[in-house]
Amino acid sequence: MEILLVGSGSALPEKIVSNDDLAKIVDTSDEWISTRTGIKERRICEKESLSALSTLAAKRALDAAKVDAEDIDLIVAGTTTADKSFPGCACEVQAGIGASHAVCFDVSAACSGFVFALHSAECMMRAGGYRSALVLGADAFSRVLDWSDRSTCVLFGDGAGAVVLKAKESERVVDGILGTKLGSDGSRGDSLVREAFGENPYVKMCGQEVFKFAVRTVPEVIDQALERANITKKEVDWYILHQANERIIQSVAKKLEEAMEKFPMNLSKVGNTSGASVAILLDEEIRSGRIQKGDVLVLSGFGAGLTWGATVIKY
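When the letters of the sequence shown are read in order and numbered with this note's numbering, they come out as residues -10 to 304.
Worth flagging that the hints you see were computed from the coordinates, not collected in a lab.
Every value quoted in this text rests on a predicted model; they were computed, and no experiment measured them.
Some clues are possibly wrong.
Stated by the list, open to error - What follows is a list of derived Cβ distance ranges for each label pair:
1) Gly87 to Lys222: 37 to 45 Å
2) Asn189 to Ser38: 34 to 42 Å
3) Asp57 to Glu246: 38 to 46 Å
4) Asp10 to Cys112: 24 to 32 Å
5) Glu184 to Ser7: 40 to 48 Å
6) Val15 to Arg161: 48 to 56 Å
7) Asp135 to Glu158: 25 to 33 Å
8) Asp212 to His90: 33 to 41 Å
9) Gln197 to Lys222: 25 to 33 Å
10) Asp226 to Gly87: 33 to 41 Å
Said to hold, decoys possible - Simulated crosslink set (DSS-like; lysine-lysine; CA at most 30 Å straight-line):
11) Lys73 to Lys36
12) Lys251 to Lys222
13) Lys222 to Lys243
14) Lys193 to Lys13
15) Lys244 to Lys155
16) Lys243 to Lys193
17) Lys48 to Lys36
18) Lys201 to Lys243
19) Lys201 to Lys155
20) Lys282 to Lys55
21) Lys258 to Lys29
Where a beta carbon is used, it is the ideal one built from N, C-alpha and C, also for glycine.
With the hints as extra help, turn the sequences into a complete structure.
Rendered as structure tokens:
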């Protein structure tokens, strides 16, 4: 069986917050932020709910795939900032698009959320019973930031992305999802944490620890996913990485001995959108025409947990 990626969509809030805007509320500057992260501005939910953004991204993905919502039988959303503790984001999207036949649930893996959600949907489809799936990555970290903490408030933005997967009977897997590798290390969870309850329910991060973790682990998991997919680096057209930090992406490219031209980035305009970042960038690259049918893609997310993962897809 092949699990094909047949459509994508994304959505961003209207409000733009620039580095100069942040310099008015914390001790920072455009130069300080952009040279350390590559971020110039980000989108922040002011009037939009996360479920509304996710629903819009889902509708755009369905339109691109030419799939009716009633034909979707599985919805998986990677998010840690849903509007409500319950019902989950996936259920709210189900209601928003009218996918009355879908089984829906959320996956909590922070910035790895979309990659984890994608693999969850793939495995359920391969197990049988699910033919068409909607997979989302969506987060609104603006709700969980301490806006007086310049080490975190300058990094994150809000947004949602979605893809549609379809199962196709085939004796050989030559298209679609070719291989995935995931990983977790709860012993290092304190490097990036947000308490669910208590007096300080904001994101706290040890930036240096996260940086070291990412530049070491991401190249390793990409190599492992490529091995599972029986694909060489020379065959890869695009690396769609979690948009955490420009320096991390540059370091990963260097360790993989791959050209930066294979690593598109959008974090200068949207910041780190956590679980949404891979899905948003993927959609932007498809819609721009840079990603073409037949291209080999590596999607990789990494973040709190600690969690990480990579998926190889022939688009």
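Requested in this report: Check each numbered hint from earlier against the structure, then list the numbers of those it violates in ascending order.
Outcome: Hints 2, 4, 5, 7, 15, 19 contradicted; others consistent.
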